[in-house]
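Fit chains B and C to the known structure of chain A by using the hints.
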Amino acid sequence: MTTTVLAPLAPVGPPQAPRRSLGAGSPLLRFIIVRFLLIFPTIFILVTMVFLLMRTIGDPITAALGGRLNAQQLAERIDAAGYNRPLIVQYFEYIGQVATGNFGTAISDGRPVSELLLTYGGATLELAFYALLVAFIVGIPLGMVAAYLRDRWPDAVLRIVAILFYATPVFFAGLLLKLVFSVWLNVLPVAGRASTRTELQMGRLDNRTGIYLIDAIQLGSAAAVADVLQHAVLPGLALGLLTAGVFLRLVRTNVIGTLSMDYVDAARSRGVSEYRLVRRHAYKPALIPIITVIGLQIAMLLGGAVLTETTFEWKGLGFKLAEYLSARDFVAVQGIVALLAVIVALSNFIVDILAAIIDPRVRY
Amino acid sequence: MTSASNNKRALAAVAGSAVFALVLAGCAAGGDSGSGSSESLIVGTTDKVTFIDPAGSYDNGSFAIMTQVYPFLLNSPQGTSDVEPDIAVSAEYTTDTEYTVVLKEGLKFANGHDLTSSDVKFSFDRQQAIADENGPSVLLGNIASIDAPDDTTVVFTLNNGNDQTFAQILSSPAAPIVDEEVFSADSVTPDADIVAGNAFAGQYVISSYDFNNLISFEANSDYQGVLGAAATTNIDLKYYTDASNLKLDVQEGNIDVAYRSLSATDVADLEGNDSVNVVVGPGGETRYIVFNFDTQPFGATTPEADAAKALAVRQAAAGLVDREELAEQVYKGTYLPLYSYVPAGLTGATEVLKDLYGKDGGPDADAAAKVLADAGVATPVALNLQYNPDHYGESSGDEYALVKSQLEATGLFAVNLQSTEWVTYSKDRTEDLYPAYQLGWFPDYSDADNYLTPFFAAENFLGNHYDNPEVDQLIKDQAVETDVASRQALIEEIQAKVAADLSTLPLLQGSQIAVTGSAVTGAVLDGSFKFRYGSLVKG
Amino acid sequence: MTNTDATSADPASFAARAPRWHHLPVVHQLRQSVGLQRGMLVVGLVITGIFILTAIFAPLLAPYGFAELQDENGNFGAQQPPGGAHILGTTVGGYDVLSRVIWGTQTALAVIVVAVVLSIFAGVLLGLVSGYLGGWLDRVLVVIADAVFAFPTLLLAIVAAIVISGGQSKLLGGVLAAAISITVVYIPQYFRVIRAETVRIKTEAYVESAKVIGSSTSRIMFRHVLRNATRTLPLIFTLNSSEAILTLAGLGFLGFGIEPTSAAEWGYDLNRSISDVTSGIWWTSLFPGLAIVLVVLGITLVGESLNDLADPRLRTRRKADSPTATPIAAPDMAATSATDSTGAPA
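Residue numbers (UniProt numbering), protein chains in the order written: chain A, 1 to 364; chain B, 1 to 539; chain C, 1 to 346.
Keep in mind the hints are simulated off the structure, nothing from the lab.
Glycine included, C-beta positions come from ideal geometry on N, C-alpha and C.
There is no bait here: all hints are sound.
Non-contacting residues of chain A with respect to chain B, defined by C-beta distances greater than 10 Å in every case (computed):
1. Ser-26
2. Val-89
3. Tyr-91
4. Gly-121
5. Pro-141
6. Leu-164
7. Ser-269
Looking from chain A toward chain C, a few residues come up when the C-beta cut is under 10 Å (computed):
8. Ile-43
9. Leu-53
10. Ile-163
11. Val-170
12. Ala-173
13. Leu-175
14. Leu-176
15. Arg-249
16. Gly-318
17. Ala-341
18. Val-344
19. Asn-348
Excised from the complex, chain A in its bound form:
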């Protein structure tokens, strides 16, 4: 959740774009290649960081058995598992594995990390989808309304609402929603991705995708689809409204920005109404930066879902990350963070390329 607020802070422009004129040939192509190559050091640095950090906060054996075994027994087991070999040896061993595409096997439950990523990645993707949908449906129209009525009271109200959306920690929102919808009104499930019955039905599917909405549709059961959607309402709203606050602001400022451009002024002087100005002239140009920001938002939704998923027991990557972290499962945490790093780096890359194609000046 914290990262979704952070996300829009990142300048969309490519900071590492080559700054000088690139001479003959295709500058765009060259830019794309350089930009692509920069993905690798980013991922490498992240993986190294998470590797080192995880080694400083304890080992999985103490985490599991610290309350049962004496110090000597623990030390023997840690020794046998090889966790007290020199860090550099362990590091190169790990990097060597990753380089060959082998993310290893989670220590605490023995599951291959690549399988984990597939199983739980779908859930996170699904949540991100719902959240983005909410963010679009709520954020963009309200942002346009705020821009249209700028500096009048509805604008102020909308802006405060937007701030409230992201000033509310998702776990507090979760508690409030639980209190209202599940305890007082008793109308919506607050946790999980589907009821037990639906999950059992989906368990019988041969080609489960892990994305419940798709699985429920595969089942061909309207009740299952409704059940999955019911479960998605609260987490989708909680994370979506957070993002909607960001979108609202973004749309408002960009529409206001384009409204003050020369061609809009020209239209205004022709007597075009303000409403029409917003709808017809200022809307599209304002959307371009938004599209680029969405790229970043997706990455941040994935990375920042720890609290949302934990609050709503949405068993996705963020949820598992928190679990593996408390089990000090180096391998699993490294694997999940590496995947997030790849996604973030790739979406940054795509965003930069898009920005460069849309506006050549970005390339400097």
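Here is chains B and C on its own, set in the frame of chain A:
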């Protein structure tokens, strides 16, 4: 689920579908009719599985599954903590160091493989061969060798003869019997292979397995053990991480049974609710304060080392804690005061601390002040007290804030209370960094020995430098004492001696609590601390 | 007004005619603002002011200590509903809710101060050096900053919390953990902003002329470039502050926060109220949660208003200004989107 709530849910789905721009909600009310017949019921838990291979895990969550699906040589029938032969006809010492088990004839795993003495030997040999860092092989330290002279006979040769805990160990997490044709002899077998191999021979088999999310059990008609046939054919086990979600679901009838672990607030709330039953059983879980004999005030390595003063400090603390208040305010009665080392409900339990310290089980500030004054200890005694917030339940913080307040109430102590996350905590406590600290215990098997040997024998897991050769000898003696009454006397004597030394200060004993829908019967919580799904019936 | 500076107003043009204290950030913007924009800024400043005052006077305002379980009448009792001696009730641990909410402002303020000070120093310095000197150092720092930015914040915070405090839960350790982890995440942000400004400014005429007259590199960096590059800082500053509070609360909520007898911390109280909520006990979660929301709201209102006022297109014009008074020279697409999406001109 009532139809009223169904309608509300349908309404909510309509509202939700507006958000999702999908027009699917109209049919919401139709399908989801009731939570099923008496053929199946749903259990919810916040425990977690690590591995369902007995060699790979040593935790409550995994053992809860093993209890349902694997057979044991010895097991406790429902309602008692005493063990009887499970898939065996007899189990006894044939010589001082030889423990012989005779299996029933014609046992089979659910996959059709024969279950013979060879599987039994395999099960224990692999535990010791794998000795997984997260496994329970440490419990099998007394086994020297295992022989399978014929298909139904297994002979365990022990290092220390007449081990009175051995029968209990054969029902512990180290002892499920597994299929040698499915399990690997030298490595932990992945869950998927076990489920695919259908290598089960307990009351249930696992029919579908969605790791830490949903497990479906199906009754095993081949099971011939002491627990009898399962009453309900299908059991689904649903995993939660947040106890409050588990509570909501059992309250609303979305699941039929909630077992481990609801918060005290939730239990107190559900007790007043007619749609559920709260089932309470004796608990083996204990909570206590450990004193480090080296670094506690006046401890052996402190500058002002003085064994008599150190003892006085421990005794004063023992006289000041108010266990009733802890149990009531913090745990709302889901924990009970614990006045000795072996918890109530087990053979040999006493209330020796009640007699030695405080007044009628409550605190006695005057006596505590006198103990300190007599020993010449200046007050207030500065005490660094550590607890852990993330391993022994979320109420630990409240519990220790209250302990601090109790110790400081009359100015005898000045407590510096700190908490540390679990992994660091586990390391630091054995490195003598904590003069006094919180720990808890969940037993491996239901025998008083499991509350004494791990704590007070010479090589104990506390590592708090408590060393009383007399106690050590008594612990060794009780382990091989074949006469039940003499053994009980020894166990009581050990507790009295430790209570005088106060190596640890026991505070609370947990209860086992299951919450069931009002139509569910057969939830049995006994001194074996195993919760069997086989007896659950709905409707 | 320099017409190369498209995205932010030049405060110098206002500052030239005003008394010295009018130059101060915030005061200057407050004078500059009108109408609703001024209203939002004032509301934000008032909330923030109340927050700071509450933190300072917490010992006087709070009816009880943050770790107090009893008074002369004995234990408060757990989960007492609001009313009587406890206006907002008591928590599951038996603390007074109102007192813990009030004392919590101190912890929150401490985290903000430490986090902001740390990230400004580290981020600004790195950005300045990287942007001014350029070359391979610049490239390397940019890549590292990007990588750190992609790291899941909360994971970083948790790990930092464990490393910094040794897993302990004292006030200082908890505050430092939240502050430092937020710093690590925010350094890249300050770094990027300052670096971009530095890259832009270092080609300007006055810097060139300083070079010509032989000023030393460090003198140019700190005298000329830094002074002009830091205009945008108050904006990130406020985002940084609210983020610090949210991180502290997140850590507390996940159980890596501060022990309740060491300090009052809202995230911890929320964590402990989870099971209250399902039993219909609302007062233990509502008030600490509202405290978080209000403080973040106040600080963000200030930040957003400052952002608007720094951007000529977003600033509400005074009546005297003609609508076209602010020329926008070559609005750079990337810079615009960055500015608008960030709340901080890049």
